[in-house]
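Undergrad: Listed below, chain by chain, are the residues.
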Amino acid sequence: MNFYNILNIKISNQMKNTNFRFTWKIGGEAGFGIKSAGLSFAKALMRAGYETFDYSEYPSLIRGGHNTYQVTVSEEPIKSTDSAIDILVALNKTTIDKHVAELVKGAVVLYDGSEIKLGKIARQDIQFLSVPFKEMAAQTGGDIMRNTVAMGATMAVINLPLKILAQVTEEIFAGKPQVIENNLKAIELGYEYVKKHHNEFVFKHELVVEKKPQRMLIPGNEALSMGALAAGLNFFAAYPMTPATSVLTYLAAKGVEQGVVVKHAEDEISVINMALGAAHVGARAMVATSGGGFALMSEGLGLAAVSETPLVLINVQRPGSATGMPTWTDQGDLRFVLHAGQGEFPRIILAPGDVDECFYMAAQAFNLAEKYQTPVIILSDKFLAEGSATVPVFDEKAVEIDRGKLLTEKTIPASYRRYRLTADGVSPRALPGMKGGIYHADSYEHSEYGFSSEDMGERIEQVNKRAKKLEAARQDLDGATLYGSSKALITLVGWGSVKGPIIDALNILPEKISAKFNFLHVNVIWPLPSQAIKKYLNSKKKLLGKSQRLVLVENNSEAQLAALIRQETGVDITERILRYDGRPFFANELAEDFKNLL
Amino acid sequence: MSIEKYNTSCPPTWCPGCGNFSIWNEIKKALDELGIPQHKTLIVYGIGCSGNMYNTINTYAWHSLHGRSLPTAVGAKLANKDLTVIVVAGDGDGLGEGMGHFIHALRGNVDITYLIHENKVYGLTTGQTAPTSAKGFVSRSTPEGVIEVPVNPLSLAIASGGGFVSRGYVGKPQQLSSLIKQAITHKGFSLVDILQPCVTFNKVDTYQYYQDKVYDLAESGHDVTDYNNAFIKSREWGEKIPTGVFYQDVREDYAADVVQEKGKALVSRPMVKRKLKTLVKEFI
Numbered sequence: 029m030n031f032y033n034i035l036n037i038k039i040s041n042q043m044k045n046t047n048f049r050f051t052w053k054i055g056g057e058a059g060f061g062i063k064s065a066g067l068s069f070a071k072a073l074m075r076a077g078y079e080t081f082d083y084s085e086y087p088s089l090i091r092g093g094h095n096t097y098q099v100t101v102s103e104e105p106i107k108s109t110d111s112a113i114d115i116l117v118a119l120n121k122t123t124i125d126k127h128v129a130e131l132v133k134g135a136v137v138l139y140d141g142s143e144i145k146l147g148k149i150a151r152q153d154i155q156f157l158s159v160p161f162k163e164m165a166a167q168t169g170g171d172i173m174r175n176t177v178a179m180g181a182t183m184a185v186i187n188l189p190l191k192i193l194a195q196v197t198e199e200i201f202a203g204k205p206q207v208i209e210n211n212l213k214a215i216e217l218g219y220e221y222v223k224k225h226h227n228e229f230v231f232k233h234e235l236v237v238e239k240k241p242q243r244m245l246i247p248g249n250e251a252l253s254m255g256a257l258a259a260g261l262n263f264f265a266a267y268p269m270t271p272a273t274s275v276l277t278y279l280a281a282k283g284v285e286q287g288v289v290v291k292h293a294e295d296e297i298s299v300i301n302m303a304l305g306a307a308h309v310g311a312r313a314m315v316a317t318s319g320g321g322f323a324l325m326s327e328g329l330g331l332a333a334v335s336e337t338p339l340v341l342i343n344v345q346r347p348g349s350a351t352g353m354p355t356w357t358d359q360g361d362l363r364f365v366l367h368a369g370q371g372e373f374p375r376i377i378l379a380p381g382d383v384d385e386c387f388y389m390a391a392q393a394f395n396l397a398e399k400y401q402t403p404v405i406i407l408s409d410k411f412l413a414e415g416s417a418t419v420p421v422f423d424e425k426a427v428e429i430d431r432g433k434l435l436t437e438k439t440i441p442a443s444y445r446r447y448r449l450t451a452d453g454v455s456p457r458a459l460p461g462m463k464g465g466i467y468h469a470d471s472y473e474h475s476e477y478g479f480s481s482e483d484m485g486e487r488i489e490q491v492n493k494r495a496k497k498l499e500a501a502r503q504d505l506d507g508a509t510l511y512g513s514s515k516a517l518i519t520l521v522g523w524g525s526v527k528g529p530i531i532d533a534l535n536i537l538p539e540k541i542s543a544k545f546n547f548l549h550v551n552v553i554w555p556l557p558s559q560a561i562k563k564y565l566n567s568k569k570k571l572l573g574k575s576q577r578l579v580l581v582e583n584n585s586e587a588q589l590a591a592l593i594r595q596e597t598g599v600d601i602t603e604r605i606l607r608y609d610g611r612p613f614f615a616n617e618l619a620e621d622f623k624n625l626l
Numbered sequence: 007m008s009i010e011k012y013n014t015s016c017p018p019t020w021c022p023g024c025g026n027f028s029i030w031n032e033i034k035k036a037l038d039e040l041g042i043p044q045h046k047t048l049i050v051y052g053i054g055c056s057g058n059m060y061n062t063i064n065t066y067a068w069h070s071l072h073g074r075s076l077p078t079a080v081g082a083k084l085a086n087k088d089l090t091v092i093v094v095a096g097d098g099d100g101l102g103e104g105m106g107h108f109i110h111a112l113r114g115n116v117d118i119t120y121l122i123h124e125n126k127v128y129g130l131t132t133g134q135t136a137p138t139s140a141k142g143f144v145s146r147s148t149p150e151g152v153i154e155v156p157v158n159p160l161s162l163a164i165a166s167g168g169g170f171v172s173r174g175y176v177g178k179p180q181q182l183s184s185l186i187k188q189a190i191t192h193k194g195f196s197l198v199d200i201l202q203p204c205v206t207f208n209k210v211d212t213y214q215y216y217q218d219k220v221y222d223l224a225e226s227g228h229d230v231t232d233y234n235n236a237f238i239k240s241r242e243w244g245e246k247i248p249t250g251v252f253y254q255d256v257r258e259d260y261a262a263d264v265v266q267e268k269g270k271a272l273v274s275r276p277m278v279k280r281k282l283k284t285l286v287k288e289f290i
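From first to last, the protein sequence lines stand for chains L and V.
For the first sequence, this note's numbering begins at 29 and goes up steadily by one.
For the second sequence, this note's numbering begins at 7 and goes up steadily by one.
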């Protein structure tokens, strides 16, 4: 079953127009509990029946600095956030100074007037509501509770019942009755204060609690991890590296319960070789890292390919080069993962566009790795990895386990040749431990038996054999999806996580504008779905004498996808909207950019 | 000879007189005498002349990247504990490129056997210095003589938590055979550092040099459970060169502390989809 069928069902919903979108943002120093406040807020909104998407910004520090967490809320599923803020919760003055320019007309700022002197604020069109966070926090455990008081205050500002947040709070701190008590008291104090002292404030959107089918609020990294678990992952190795670390911590926490051996190895070179050792003997193995760690794994990537050992590798991108910007986002590694590793060899590269695709593509990655006995790389980025989105509960029925041409002791042929030439390039695979299957797996070029070889003929045979596998994989993969009407004349083109901001931006725009656009999303980078791309981008349509315009939207400076598309299809995408400041695309800004294209 | 079955269709490619022939023979004999089935044996080879043993033994085999055989072996053993996993590496590959992995594998004590071919030179790349070459060693990459002092794999192994630390010498094949067998049998990470003259590129550390200096610790009343003494012995080099088991303890191997390793070998369990019910709970 092609797992893309699952996604196709949702496509019809994704282009639904909606004007209802608001963004709440909290800011403060690291250590102020910004993240937990943000997560509670998002979860409470989900329970109230809304769809959310969150995004955080934090510097590479443990204490101090400036951290923010924002949650965009809508009635329809969303996969991006905005740089236009409707509610700002400021736990320090820096937050106000840094973000006042992002506030929309009529926005509201919650702050503690006893701690923050506003001074001269240039904006007259926003409201400032003072709430004594510090004093109320002192009654429930001290400064650390200020974010919790602020959460209660927020619920009053948006006029949703406090009990929704109370329920979320009880779950988060389950098993710690004293902590629950303090937190419940803190949110109540914040809530009651706003109700009493700011009851003249009316939020611009009327929110109602609606019972919806159960959904999940889950970040991209956890979705990838869950997809891997669903598909039978049983060996995972990693070295901590932002923003991939949460894959390691999540799987490490699940290791015993799910029967996965998790190894935090001494460096990334050990990581990939360890995973290859496990995969060689039959484990479904995976590694996860960011660009710098992936660089160290380059040689191992080639080894996976030449030894024809299945392996799944996750690269959660952050801006490079070298150490780069660890806690920020971009799409700068496209060409890198396409070419990493010396020599020529086949690889498969998947680039999920949202949290749903993270789950299903991760699960499918293991099948692809074993069917084609090839490394499969999954490209994500900080924006997708660490942002939670509300999504339907993942459908485990859509996950299949397909181990390809894996032999058993009974099916091993006589005089077994591990790298036997076959029609599709894939050879039947025995595993160490199986009687009759003894073979040699080589990092050198080798013969059909796996013995090291420098023979001209054997070299050509094995190079061609490996290349053939990629063509077999191409038949098994999709990777180019057109959203919107095929009649639209401006085609936006993007890969991976730009999907969310682009679709949301089109949904924000009024129908008569968004109808002029469609969006080609590429989520398989290699083998590139050239046929489909050529078809969608070369339509030679003419409407009132106007021909199709192609506009690339990409989170890097070199427009890497445009170059790849031109390389593989001859189609040149000359109009580009690029962003490479470590920030993701914001839907509201993209909507403006799209309008300005007209 | 019952060890014929361990030969493949590929003969070795080492120089005549190379110490590797001896190690090759002793590995085959050890496996045979221990009765370990060939298909249950995985040998992970490094890159170098030692690693070129890869084509020549009829067991499951993996030819790793230069310096990376240890982590590969660790991963393989954790995924299938029913395999006997042996690592064959050189001193360049194992103690230069792979030095980091050496230390951490010792710390972890995964049940694998590590045979280092210590010839104190880089043979396959035609004669550069190795991390184990003596200070002042003149080689193709150090014509003025090596400035660094040599690494001491035994001291490092003892200091890093090695549970079976030994040194062999190809000129004493019976002792070597016994050490390899003990190493394989020992439950935990077992090191046999094997002095092995390179007849082509190392004119210093030769059979003649070693022959009357090496002595067997077992014959000198050495207590293998005495950690501090083992360390002192590891520093002994010169007119007397100790060989044999320096240190052995009964510390449990890595897998003993891994709950996931209990029961059947990881890869022998049925490969089935996992249910999501418990996993999705925290996100709902």
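By construction, these hints were calculated from the structure, which means they are not laboratory data.
As the structure is a computational prediction, the values presented were derived from the model and not from experiment.
Glycine included, every Cβ here is placed at the ideal spot set by N, Cα and C.
Keep in mind that the hints are not guaranteed to be accurate.
[Said to hold, decoys possible] Subject to a maximum C-alpha distance of 30 Å in a straight line, what follows is the list of computed DSSO-like cross-link-like pairs (lysine-lysine):
no.: 1; chain 1: V; residue 1: LYS87; chain 2: V; residue 2: LYS141
no.: 2; chain 1: L; residue 1: LYS493; chain 2: V; residue 2: LYS287
no.: 3; chain 1: L; residue 1: LYS282; chain 2: V; residue 2: LYS209
no.: 4; chain 1: L; residue 1: LYS463; chain 2: V; residue 2: LYS270
no.: 5; chain 1: V; residue 1: LYS283; chain 2: L; residue 2: LYS240
no.: 6; chain 1: V; residue 1: LYS283; chain 2: L; residue 2: LYS63
no.: 7; chain 1: V; residue 1: LYS46; chain 2: L; residue 2: LYS63
no.: 8; chain 1: L; residue 1: LYS463; chain 2: V; residue 2: LYS287
no.: 9; chain 1: L; residue 1: LYS574; chain 2: L; residue 2: LYS515
no.: 10; chain 1: V; residue 1: LYS178; chain 2: L; residue 2: LYS433
[Unchecked claim] One-sided excerpt, in silico: chain L residues whose CB lies under 7 Å from chain V:
no.: 11; residue: ASN262
no.: 12; residue: VAL289
no.: 13; residue: MET302
no.: 14; residue: GLY310
no.: 15; residue: LEU331
no.: 16; residue: ASP430
no.: 17; residue: LEU434
no.: 18; residue: LYS463
no.: 19; residue: TYR511
no.: 20; residue: PRO538
no.: 21; residue: GLU539
no.: 22; residue: ALA590
no.: 23; residue: LEU592
Undergrad: Would you mind marking each hint as holding or not holding in the structure?
TA: Status of the hints after comparison with the structure:
1. LYS87(V) <-> LYS141(V): violated, 41 Å
2. LYS493(L) <-> LYS287(V): Violated, at roughly 45 Å.
3. LYS282(L) <-> LYS209(V): Violated: LYS282(L) and LYS209(V) sit about 55 Å apart, past 30 Å.
4. LYS463(L) <-> LYS270(V): Holds, at about 18 Å.
5. LYS283(V) <-> LYS240(L): holds, 19 Å
6. LYS283(V) <-> LYS63(L): holds, 26 Å
7. LYS46(V) <-> LYS63(L): violated, 50 Å
8. LYS463(L) <-> LYS287(V): violated, 43 Å
9. LYS574(L) <-> LYS515(L): The given pair, whose Cα atoms are some 12 Å apart, holds under the 30 Å limit.
10. LYS178(V) <-> LYS433(L): violated, 46 Å
11. ASN262: With Cβ-Cβ at 6 Å, under 7 Å, it holds.
12. VAL289: holds, 5 Å
13. MET302: holds, 4 Å
14. GLY310: holds, 4 Å
15. LEU331: Since chain V brings a Cβ to about 6 Å from LEU331(L), closer than 7 Å, the hint holds.
16. ASP430: violated, 10 Å
17. LEU434: violated, 9 Å
18. LYS463: holds, 5 Å
19. TYR511: violated, 26 Å
20. PRO538: violated, 34 Å
21. GLU539: Hint violated; GLU539(L) Cβ to chain V Cβ min 33 Å, cut 7 Å.
22. ALA590: violated, 35 Å
23. LEU592: Hint violated; LEU592(L) Cβ to chain V Cβ min 28 Å, cut 7 Å.
In summary, the structure is inconsistent with hints 1, 2, 3, 7, 8, 10, 16, 17, 19, 20, 21, 22, 23 from the numbered list given earlier, while agreeing with the others.
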